[in-house]
Amino acid sequence: MIKSFSKTIMLVIGMWATLAVPVVAQEKTLVMAMSATPKGFDPDIWVPGQIEAAVNLYEGLTRYGTRTGGNGKPEVDPSKIEPHLAESWTVSPDGKTYLFKLKKGVRSPFGNELTSQDIVWTYEKSAVQKRTGQFMRTAARIDKVEAISKYEVRYTLSDANRIFLGALTLHLPAIFDSVEAKKHATPEDPYATKWLALNTAGFGPYHLQTLQGGQQAVFVVNPNYAFKKPYFTRMVWREVPSPATRVALIRTGQVQYAEQIPFQQLTALRADNSVKVESVPGFGGATVRMNPRYPPFDKVKVRQAVAYATDYAAIGEAVFLGQGTRSRSMLNSPIAGAVSAYKYETDYNKAKQLLSEAGYPNGVDVTLEYSTNWWWEEPLVLQMQASLAKAGIRVTPKRIPSTEMLARRTINVWTVPFLTHLTSSFVPDPSYNMFLTAHCRGSSNVNANCDAAMDKLIDASVVERDQKRWLALLEQAQNLQADSATFVETFLPGTHEVFAACMKGYVWKPHNRLVWKDLTCAS
Amino acid sequence: MGEKGALIAKFLLVRVAVSVPVILGIVFLTFMLIRVGGQDPVAMLAGPMADEAMLTALRAQLQLDQPLLLQFANYLFRLVQGDLGVSWQGGIPVWGEILHLFPATLELVLLSVGLAALIGVPIGLRAATHPNGWFDQLSRFGSLAGFSMPTYWMGLMAILVFFYILRWAPPPMGRLSMEVVAPTVVTGSLLLDCILAGNWQALGSALAHLALPVACFTLLAAAPMIKQSRAILIEIMNSDYVRYARANGFSKATIRKMALRNAATPLLTFLGMELTSLLAAAALVEYIFSLSGLGQWGLNAILLGDFAVVQGYVLTLALFSVFIFMVIDLIVMLLEPRR
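Quick note, the sequences are listed as chains U and D, same order. If you're matching positions, the first sequence starts at 2 in this note's numbering and goes up one per residue. If you're matching positions, the second sequence starts at 11 in this note's numbering and goes up one per residue.
Calculated from the structure, these hints are not laboratory results. Predicted model, so just to flag it, every value in this text is computed and none were measured. Glycine included, C-beta positions come from ideal geometry on N, C-alpha and C. Incorrect hints may appear among the rest.
Incomplete in silico selection of chain D near chain U, CB under 7 Å [claimed, not checked]:
| id | residue |
| --- | --- |
| 1 | PRO51 |
| 2 | MET54 |
| 3 | GLY57 |
| 4 | ASP61 |
| 5 | GLY100 |
| 6 | GLY101 |
| 7 | LEU166 |
| 8 | ILE169 |
| 9 | PRO181 |
| 10 | PRO182 |
| 11 | MET183 |
| 12 | TYR297 |
| 13 | ILE298 |
| 14 | SER300 |
| 15 | SER302 |
Input sequences plus hints: build the corresponding full structure.
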């Protein structure tokens, strides 16, 4: 009986081995191991996986230029904005009116040509939804969008500003094929938001073919794409929630791209010949923030003491494993106007002295709250706990759910006194970034960073058109922020993309998402 | 309807009546716990660029600005009409997703528990007939190992050995190879649908994709099964009636049959417990092997604060448990009418 059982087992294993022939990606199909399938595709509605898909489905009127970087590879040039879906534009002398001439012959996968009506419809939809697209419209101070002729669209701004052209590089508000979208509109849903949530109708390089929630999404190339045809004609997005499984899949060549690979695995992956790791510092810094509305952080000397009691070298080694880049300001390269404003270095004696001057000669007890929005939060908090203790700042780490953190740190709620945070922005414009993170009305201002002088500087920088005065305003704002020490600037964790060895063409974009049309495979 | 039929009908009526308040209690607790647990999905749904006005509008749209009890009353009202709400993350109806995903989880759990029973009961029986012998020691070691290994770790090790090193297993990336055409959905169970469609290539692929997760889950389920079977059967083997049977010269096979018959009731009850507990534990195995079942969906919803999905997920687990225990109790009643 045992013998026959063994035979059966061997037979089953044999069959299994036969069936388990590794999947070889078809020609020009790129298979991606992603943490989850997209929950939606409408760029106005922020759901997991949406941005990662949408940047490949919808494109802007403008785009950032590229230049050759120090490593000989192409990189984004944030100082250069070029026409994209718009062929050209003119601007009024006061900088408040832009007339865009649309590129002719830009067609969606449904065959409809891009016209000024599509642009107007897009902004009308965002205004009704009052979500992300509307925020970008407000940030860029867009007052009115009008169709002048079939191929001409006029934007009227409430103030001339530097954010506007950068905002138009984005995939939001998405420029939809309104002719197709209107076919799916209903009296209750005149902008077809329900249809657009789970379907795509853009002028970008790809569009959705099938979506099986929780399993996979398949995107195919837009046959009418008006620019250089992408190398990959089919993108298979497979849901692989476990990071360890994603690592196994990329190492065995079953997928050509794997997202969100644990930082600790990168060193091993770099040594693997079958894998290629592309790393870019980006410009988002891992910070620890103090809310000046809560004692003891209402005292600037306490905040400065925290900045001096932080062991930056240890954080660089133990948390970012030597792969991070030290952050020297709330703005970091490649953002224009970034200066080394953050001068704090580890100095426990100075930290103790500042604490004493602030009225805490025996040290102070604080709770540092963190979540799991970013992989580095917990190790950073533990490292901070160890180093701050040396200056008498006794830290109690407290992990809270991501949704609780998001709710409590929201603008005008601000109930977290001491927290970890990283501001991610889509537009590498200094004024926009400062507004987001350090302005009292900034949506990524998570620690009640409300200083009238700072707000004034940021507001002035947004509308300043003189380059020299603008750079001076940026420097002042960065220095003021560093002096206030409401942010402990640590390191830029960077973006690390993991590909199969054959993959080429990756170019980091300010929205920090993978752009599929850039990719090719050498073999 | 005969006497037996009437008995079954009465039994089912009583059990359903008792289950209603249990289910209601679970629904109430789930609803309240996820809301008072500090999770607030509004900020996440609105995105990092949302201002206060957007947050307020979204909160009102999701009816989260209403008093908690009113929110519960509304939910209950819709629930009794069969409406479990929609996922806030994707706008997809929860009930539809449960119907779509549950068969995948059920396949995994039923196959694993079935195999665990086929392995665990004979091993437990053999160990019980020779307590403290080499086989008993070996089975105890085996079940201890099964207890000690976390499912997550076991899954990762299985992937490492059978997929990464040996390349025997298919990529842990879904339930079917990308090159295989899936059968038309009839039952929702991939295996059954493949058989119904006569799609043997897809059946082979589905079986290959299930092999590792089922093996891991079987090991997990077999460990307590071995221990429980052994304990039950040792007690039976030492009972007076077995001693009497031995004294009367009954064969070993007859005694084994007798013992198994008497062990059926506690073993069945234990099997029911295994089924319900493994259904809840399936989330981790599905997560590691990317099986896209109910557990993976529920786990994701818990992390994202998708209240409607979490409620639907917990309700499904509760209803499944109630159903399984009802069936087990019915079988036990039929096996032992005295009880």
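Do the hints match the structure? See the list:
no.: 1; hint: PRO51; result: 6 Å, holds
no.: 2; hint: MET54; result: 5 Å, holds
no.: 3; hint: GLY57; result: 3 Å, holds
no.: 4; hint: ASP61; result: 6 Å, holds
no.: 5; hint: GLY100; result: 4 Å, holds
no.: 6; hint: GLY101; result: 5 Å, holds
no.: 7; hint: LEU166; result: 5 Å, holds
no.: 8; hint: ILE169; result: 6 Å, holds
no.: 9; hint: PRO181; result: 4 Å, holds
no.: 10; hint: PRO182; result: 5 Å, holds
no.: 11; hint: MET183; result: 5 Å, holds
no.: 12; hint: TYR297; result: 5 Å, holds
no.: 13; hint: ILE298; result: 5 Å, holds
no.: 14; hint: SER300; result: 5 Å, holds
no.: 15; hint: SER302; result: 4 Å, holds
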